[in-house]
Amino acid sequence: MRMSNISNSKKAAARDDDLQYVILCQKGKTDAFEVLVERHQKKMLNIAYRMMGDYNDACDVTQEAFIAAYKSIKKFKAEAKFSTWLYRIVVNLAKNRLKQLSGRKRREGPLDDQAGNNNEEISGQSFIGESDPGVQLENREREFNVQKCITSLDEEYREVLVLRDIQGFSYEEIQDMLKIPDGTVKSRLARARNALKDCLSKVIGDL
Amino acid sequence: MKKCRDVEELLPLYVDDSLSGEDKKAVEEHLQSCPGCAKAIAQLQKTKTFIDGLHEVEPPPWFKQKIMAQVRREEEKKNFVRKLFYPWQIKIPVQVFATVFIAVLAFYIYRTGEERMNEVVSLPAPAPVMETQKGQMPEQIMKTIDKKVQKEHSTAAKEVTRGPVGQAAVDMVKDANEYVVSGMKTDRYQGAPAATSLEEAKVKLAKKKESYAPAAALQTSREQQDQNIQARSNVVLRVTDVDAATKEVEKLLEKYEARNISRQMMQDKITLEAVVNNQKFENLKEHLKTIGKLEESGMPPDDAVKNIILIINILKIK
Chain S
1 MRMSNISNSK KAAARDDDLQ YVILCQKGKT DAFEVLVERH QKKMLNIAYR MMGDYNDACD
61 VTQEAFIAAY KSIKKFKAEA KFSTWLYRIV VNLAKNRLKQ LSGRKRREGP LDDQAGNNNE
121 EISGQSFIGE SDPGVQLENR EREFNVQKCI TSLDEEYREV LVLRDIQGFS YEEIQDMLKI
181 PDGTVKSRLA RARNALKDCL SKVIGDL
Chain L
1001 MKKCRDVEEL LPLYVDDSLS GEDKKAVEEH LQSCPGCAKA IAQLQKTKTF IDGLHEVEPP
1061 PWFKQKIMAQ VRREEEKKNF VRKLFYPWQI KIPVQVFATV FIAVLAFYIY RTGEERMNEV
1121 VSLPAPAPVM ETQKGQMPEQ IMKTIDKKVQ KEHSTAAKEV TRGPVGQAAV DMVKDANEYV
1181 VSGMKTDRYQ GAPAATSLEE AKVKLAKKKE SYAPAAALQT SREQQDQNIQ ARSNVVLRVT
1241 DVDAATKEVE KLLEKYEARN ISRQMMQDKI TLEAVVNNQK FENLKEHLKT IGKLEESGMP
1301 PDDAVKNIIL IINILKIK
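In order, the protein sequence lines correspond to chains S and L.
Taken in order, the first sequence gives residues 1 to 207; the numbers are from the working numbering.
Taken in order, the second sequence gives residues 1001 to 1318; the numbers are from the working numbering.
There's no promise every hint is true.
A short, non-exhaustive set of chain L residues, derived as facing chain S with CB atoms under 7 Å [claimed, not checked]:
| id | residue |
| --- | --- |
| 1 | E1009 |
| 2 | P1012 |
| 3 | F1050 |
| 4 | M1068 |
| 5 | V1071 |
| 6 | E1075 |
Worth flagging that the hints you see were computed from the coordinates, not collected in a lab.
No experiment lies behind these values; they were computed from the predicted model shown.
We put the beta carbon where it would ideally sit given N, CA and C, even for glycine.
Make the full structure from the sequences, and use the hints.
Below, the structure is given as structure tokens:
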């Protein structure tokens, strides 16, 4: 089982478009990293954003993740796809940041209103294409609630849900990213979906 | 037929068709007869559409540039550290560094060694402090000095004669007699009167006696030198700390170029003995007074005397 995983990863690595730039970075060509940032910044940011629910925090964490990746790029051994390696970094950093934030929130008291306003503003960006202001408002509210429910999930459920249902990674990729067995990914995902469904039923009413 | 509870875990995976054939079949069978689970499936599908409807957020403007700026700062920091620890871009083999290091180290050691050597060499000449045993009195040292002087003289005298003056005289008489005999012998062939030759012999003897004079002169100078050394001065120095004072006095003696310094330790006193230049003696005494209470016994030595055997008895103040 493990053997097949490794060979799969190797196959994936063989098809890795990022690899040539990664090698350049490993040789000290800083400019090559720009290509990798360009390619992955949006996905990185969205993973962080869905994990954290706060746009600014997500930006910070994404930036932090890129720096961390650059610093340890020599440790990347091409056993998996570079993107998988990179996304693992952002997921871990987001989790760490959430722990820090929850600790701070517990000490300083909730600051929900501010964060909420900020997020509504940010998510507003995405609905510019929608002409009907009523539909726009409805979409915005729904999205806000969905995100609120995602953020309310336990960390281990949240990460599989974000990676599978929002980002659309394969079970294999998620396995590599989170370093958990296939069965665990599936069972966590099932629980995450059920929990999200329950949360949305509560928040929005009858689905 | 599975129960709702068993199916509950499978329903979310049924939605995106990620169940195995067997589980999928079981769920489908269950759904047909369970409205609750059918409703749950509907809700899950709705949730899925909601999730699918989530919009992606865009990175803020200049996000990439910001990241790259920070990456370059990191790179500079790394380079700075690298330059700090490896200031040479050219990779010089470690052996070269090692060789240079050893050379510098060796030179440094050599230099410090030389300085030390100079210090040692520049010290006032031979001032070895001999620790004499109890009972080994100054006479013994005198003997050694005498022997030394005698040796010098005897080697000088050897060129003239083998023994002391008396012996030389006996030899001379022998010589003269031989000369007379030989004269008489030559007389046989030359026919000269024996008396004349005897007179001649006597003159020659006188001449030969004169030639012995340097030996005698050396003898006198030697006696004088002995006299010089033998001028003694005995002083008592009363101090609170005998050991410390002894060290100080020894240093002082070295400073005044005293020779043949010896130390004798007794139960309640330490006796230092050294040969000092008479001209420096007065100054030395002045210095000794700073160390402790100085008491002089006997007459101060004559100015004509060159060297003094100085005996300093260091006693504890009672």
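Going through the hints against the structure:
1. E1009: holds, 5 Å
2. P1012: holds, 4 Å
3. F1050: holds, 5 Å
4. M1068: holds, 5 Å
5. V1071: Because about 5 Å separates V1071 (chain L) from the closest Cβ in chain S, which is inside the 7 Å limit, the hint holds.
6. E1075: Holds. Min distance 5 Å.
The structure shown violates none of the earlier numbered hints.
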